[in-house]
Amino acid sequence: MTLPEQLRPPRGLTYQELLDADSHTVPETYRWNVPADLGLADIPISRYLSREAHEAEKERLWSRVWQIACREEQLPEVGDTFVYDIADRSFLIVRHAPGPDGLRAYPNACLHRGRALRDAPGRVAELQCSFHGFCWSLSGELERVPSSWDFPHVEPEKFSLPRVQLDTWGGFVFLNPDPNAESLAAYLGVLPELFTRWPLDQRYTRAHVTKVINANWKLVQEAFMESYHVVTTHPQLLPGFGDANSQYDIFGNVSRTISPRGVASPLIGWRPTEQQALDSALDVREDDPPVLVVPEGGTARQMLAEAARSALRPALGDAVEELCDAELVDSYFVNVFPNAHPWGAFNQIFYRFRPNGDDHRSALMEVQLLAPFAGERPPPAPEIRLGPDEPWRDAVEVLGSLARVFDQDEFNLEAVQRGLQSTARTGVLLSAYQESRIRHFHHLYEQWVPAGESR
Amino acid sequence: MRRLTHPLTGATYEWAEDGVGPVKVTDRQGVVGRFDRDGVRVAGELVPVDPEMCRWIVSGGPVAGGAAARSRRFAAPAAGESAGDPVPQTASHGAQP
Numbered sequence: 001m002t003l004p005e006q007l008r009p010p011r012g013l014t015y016q017e018l019l020d021a022d023s024h025t026v027p028e029t030y031r032w033n034v035p036a037d038l039g040l041a042d043i044p045i046s047r048y049l050s051r052e053a054h055e056a057e058k059e060r061l062w063s064r065v066w067q068i069a070c071r072e073e074q075l076p077e078v079g080d081t082f083v084y085d086i087a088d089r090s091f092l093i094v095r096h097a098p099g100p101d102g103l104r105a106y107p108n109a110c111l112h113r114g115r116a117l118r119d120a121p122g123r124v125a126e127l128q129c130s131f132h133g134f135c136w137s138l139s140g141e142l143e144r145v146p147s148s149w150d151f152p153h154v155e156p157e158k159f160s161l162p163r164v165q166l167d168t169w170g171g172f173v174f175l176n177p178d179p180n181a182e183s184l185a186a187y188l189g190v191l192p193e194l195f196t197r198w199p200l201d202q203r204y205t206r207a208h209v210t211k212v213i214n215a216n217w218k219l220v221q222e223a224f225m226e227s228y229h230v231v232t233t234h235p236q237l238l239p240g241f242g243d244a245n246s247q248y249d250i251f252g253n254v255s256r257t258i259s260p261r262g263v264a265s266p267l268i269g270w271r272p273t274e275q276q277a278l279d280s281a282l283d284v285r286e287d288d289p290p291v292l293v294v295p296e297g298g299t300a301r302q303m304l305a306e307a308a309r310s311a312l313r314p315a316l317g318d319a320v321e322e323l324c325d326a327e328l329v330d331s332y333f334v335n336v337f338p339n340a341h342p343w344g345a346f347n348q349i350f351y352r353f354r355p356n357g358d359d360h361r362s363a364l365m366e367v368q369l370l371a372p373f374a375g376e377r378p379p380p381a382p383e384i385r386l387g388p389d390e391p392w393r394d395a396v397e398v399l400g401s402l403a404r405v406f407d408q409d410e411f412n413l414e415a416v417q418r419g420l421q422s423t424a425r426t427g428v429l430l431s432a433y434q435e436s437r438i439r440h441f442h443h444l445y446e447q448w449v450p451a452g453e454s455r
Numbered sequence: 456m457r458r459l460t461h462p463l464t465g466a467t468y469e470w471a472e473d474g475v476g477p478v479k480v481t482d483r484q485g486v487v488g489r490f491d492r493d494g495v496r497v498a499g500e501l502v503p504v505d506p507e508m509c510r511w512i513v514s515g516g517p518v519a520g521g522a523a524a525r526s527r528r529f530a531a532p533a534a535g536e537s538a539g540d541p542v543p544q545t546a547s548h549g550a551q552p
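Heads up: the sequence lines are chains A and B, in that order.
For the first sequence, the residue numbers in my numbering are 1 to 455.
For the second sequence, the residue numbers in my numbering are 456 to 552.
Note that these hints are calculated values from the structure, not bench results.
Owing to the predicted nature of the structure, the values given are computational and were not obtained by experimental measurement.
It is possible that part of the hints are untrue.
To be verified - Covered stretches of chain A, going by a simulated chain B footprint (3 or more residues, C-beta under 8 angstroms): (1) 124 to 135; (2) 235 to 241; (3) 279 to 286; (4) 344 to 350.
From the three backbone atoms N, C-alpha and C, an ideal C-beta is built for every residue, glycine too.
Put together the whole structure using the sequences plus the hints.
The following block contains the structure:
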């Protein structure tokens, strides 16, 4: 699908034209330019507000779709367990053997009276229910039943824990409750090719923060799927951020945005110097000491790329010399339907968005920084949990300036939820191109949750 | 102190030396107002203000540097370094969505 030319606004330099000026040859995947014409229809507001939509999602989406449960690095040793909760369901991921095939997932429920087998992550030798002591091996075979004489109807060989489909990609553990689901590889489509140069399985979790936000999970997620909001939500970035030069691409269950940095927004109506563009990208105020100085004839993009090369060299070695400026500088954010957002290149960001338990009016926004490393894999950072009234800046020690950016984003989110509950409109208005990834999400969403069930 | 010019309006936003607000905004005509983190007016004549710019000024604090200025882009562990060790900062400032 292509976008009609008349729908494209004047945006100055296109992202592809910017790539032509890169100091290195850019990866072929950067040259993919795949807009989508997904129409101009509004998105039904009830989809964000109604309990019926949430119930339909539980039945039609979360029970059937491939979804990320955790990182493999959270289960490094045999006996490690992880509890993944989605809406009102809970799953237990267990490492029962070393190696890439050593993970299994089960419904997190004892086959006796149904108690969750595990309440939290931890290392165990077997899976024993804390209620009456029914016990299974890590690989799911029944090991013992207290007072087994009283259960003549339990045949041990038929009483193994039921398995849930599980697979891995990029260091992420995916599960799918639907036993008839297509393979993960088929589902992900082009995603692995996008990340060939930046293998996410060779990263470790440098920071991990989860925050409750009082808004529907889709609404929160959509705030991180476009650069259209930058002009108003992050105005401080505009001298060094080409928001309206961004490219939006659609690939099956995957979409991406690439937004250039080190160039000025076409929307500001004046031309910053290269130093002003650099200072903006580095949050250097007009009376702060300089961090980097653009030399005569140099550019902000070059300076940002060189600073990033220097920072990555300890972990990547000479391989950094092969990275192009775009990989080192630009914002490259990907969405894997329905709720995972790995960032491309060495941006380090990963987001995941879920309903907050069974509450459709609040969401969990999860942020992980996935950093490259050299030598032995460092242990993953512990998760920090923030409540709805705790600002992102409470996590500034681990997220740095990113926490401040999220505080700007969050300023709008609960207000959007309130506004949608009050508006006279029945649909959410989306742009044709800059919000096309949100359209794409809903295009897929309607395939999983038919409109009559989500209203 | 710690002043930024709004890229669209030309107004200056800065951390007020006396802490009132603590954001001081001066528009292109020289009209001044003091605002809190969310852009709510605390004092002064100026009324219209960009709340997101106020949030950015406040979250950056009165002094340059520190954790609030650290960019993930310029932080990666050195060879043999564990996650618990300090993260080296080649360039310690920056933020992007």
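Chain B over the segment 279 to 286 of chain A, status - at least 3 residues with CB closer than 8 angstroms:
holds (count 7)
Count residues of the segment 235 to 241 of chain A with a Cβ under 8 angstroms from any Cβ of chain B, then say if the count reaches three.
Since 6 is at least three, the answer is holds.
Confirm or reject the coverage of the segment 344 to 350 of chain A by chain B under the rule of 3 or more residues with a beta carbon closer than 8 angstroms to the chain's beta carbons.
holds (count 4)
Test coverage of the segment 124 to 135 of chain A by chain B using CB-CB distances below 8 angstroms; three residues minimum.
This one is violated; 0 residues, fewer than the three required, reach chain B with a Cβ under 8 angstroms.
Against the hints set out earlier in the document, a violation occurs for number 1 only.
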